[in-house]
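Asks: Below are the chains, spelled out letter by letter.
Number of protein chains: 2
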Amino acid sequence: MLLTVIGCWGAYPNKGEGTSAYLIQHEGFNLLLECGSACLSLLPEYLPPEKLNGLVLSHYHSDHIADLGCLQYVFRVNTELDIITDPLPVYGPGSGEGFQKLTYCDYTKGIELVPGTPRQLGPLVCHSIFNSHGEPCLAIKIISNAGTPAERTLVYSGDTGWDSGLVSFCRGADVLLCESSLYNKFEGMLSGHLTAGQAGKLAEESGIKTLVLTHFPHYGRIDDLKKEAESVFTGRTMMARSGLKIEI
Amino acid sequence: MLLTVIGCWGAYPNKGEGTSAYLIQHEGFNLLLECGSACLSLLPEYLPPEKLNGLVLSHYHSDHIADLGCLQYVFRVNTELDIITDPLPVYGPGSGEGFQKLTYCDYTKGIELVPGTPRQLGPLVCHSIFNSHGEPCLAIKIISNAGTPAERTLVYSGDTGWDSGLVSFCRGADVLLCESSLYNKFEGMLSGHLTAGQAGKLAEESGIKTLVLTHFPHYGRIDDLKKEAESVFTGRTMMARSGLKIEI
Chain A
1 MLLTVIGCWG AYPNKGEGTS AYLIQHEGFN LLLECGSACL SLLPEYLPPE KLNGLVLSHY
61 HSDHIADLGC LQYVFRVNTE LDIITDPLPV YGPGSGEGFQ KLTYCDYTKG IELVPGTPRQ
121 LGPLVCHSIF NSHGEPCLAI KIISNAGTPA ERTLVYSGDT GWDSGLVSFC RGADVLLCES
181 SLYNKFEGML SGHLTAGQAG KLAEESGIKT LVLTHFPHYG RIDDLKKEAE SVFTGRTMMA
241 RSGLKIEI
Chain B
1 MLLTVIGCWG AYPNKGEGTS AYLIQHEGFN LLLECGSACL SLLPEYLPPE KLNGLVLSHY
61 HSDHIADLGC LQYVFRVNTE LDIITDPLPV YGPGSGEGFQ KLTYCDYTKG IELVPGTPRQ
121 LGPLVCHSIF NSHGEPCLAI KIISNAGTPA ERTLVYSGDT GWDSGLVSFC RGADVLLCES
181 SLYNKFEGML SGHLTAGQAG KLAEESGIKT LVLTHFPHYG RIDDLKKEAE SVFTGRTMMA
241 RSGLKIEI
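Protein chains in written order, with this note's numbering: chain A, 1 to 248; chain B, 1 to 248.
Chain A on its own, in the form it takes in the complex (with noise of 0.2 Å):
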């Protein structure tokens, strides 16, 4: 399966970039993972809007469901005109308002994603677990060829604080796109939020290859970031960035 960064800034986005939204596709199926500030206009690039066959949210904060609202603008739109017929399904925790507004009329069908209940979402199977946000929010496993040799692996740790949990959730992935909002001299001053050292660990711990670290602050040298995963993280470091495609 194809990763495509669209987005990858913690809170609101740096000039001409975007907040938390990552395209993934595989065998035609194009899934959008969170669905953050500046999405849809960067999305574009890459895929038209209305050709997303699903969207997988991990919680209800605005920096991933900015764009929520003006896709399902989309998928009204674009119904109105007979360009699409189906509506998109959009699946996230089921708690609250946050849920209810998955449902747009006819147009976009919000699905409750049941930790521990895989889910077949196209050619891919999706798990989730809750992590440890303050909200409920859950880190996200997507398996493409799911019982094939070819089978491949990404998990999304979502907005996430240290959670043991998570390392037996990532074990054996192939990418882990990974939350670092915070340097290492931060830890603990900032509930809900990763440094990158402890991204870095999860990833250490859990036995997978590629890190891509996101969720990016808007203070220090974000370059930093890598560095500090890296001196826990024995495999590969990445950074995310707008148009970053990994094939997993």
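Heads up, a few of these hints could be off.
Just so you know, same-sequence chains aren't split out, so a pair can sit in one copy or run between any two.
Unchecked claim - Taking lysine-lysine pairs in the DSS-like style, the calculated list, with each CA pair at most 30 Å apart, reads: (1) Lys141 with Lys201; (2) Lys51 with Lys15; (3) Lys226 with Lys185; (4) Lys15 with Lys101; (5) Lys227 with Lys51; (6) Lys245 with Lys15; (7) Lys51 with Lys185.
To be clear, the hints were calculated from the coordinates, so they are not data collected in a lab.
Since chain A is already given, all that's left is putting chain B on it; use the hints.
Replies: Frame of chain A, contents of chain B only:
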């Protein structure tokens, strides 16, 4: 005062562009009018978002507020980094859940815009009236150098269907920034929005000098909107586009 178009699409943005967002600057005061999709990705081309002194919203549909939550994070992060000290005042109609979300801890403060009651926003004066959009939505008038020979007036229609009350509200404005979501042939087929011909009629009947069409649809050839407005309006008609600056 200087008007800069940040985003001009209705519903959702085109590639690399944004939905409704306009920057109004006068005597060092920076006012954002609407905060649509991709606003925070595009705005830094003209102004760092933490330099905003106020935000005015006409209503709470997604294509006008998509980036509000992330703008609230801008003010949170920059306050925590000691870069700014004052909360961002956010003005909008005082109705329901939408208004409640304008206040975010001590970082942004929601303030009701009461139609018929002028508000001083830094060196600018803001008037508003309800228009005709189905849900409470405001047309906004911004005046610089009020009561002096240098007085200048911008009126923004908000999202609205034809509403004769707008004619007197717009009367004599220098610039009318007016939604034109519809081609003339669709008049009456989508309530709460204007055709380009109706935008031209509003401009002509209220005697404004310059009409700027905005809030464009995602079908047809939008240059036709200009022709339809010009067939009614005898003043100057312009099409909004990202980065368009108009000194008023």
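Asks: Against which earlier hints does the structure fall short, listed by number upward?
Replies: 5
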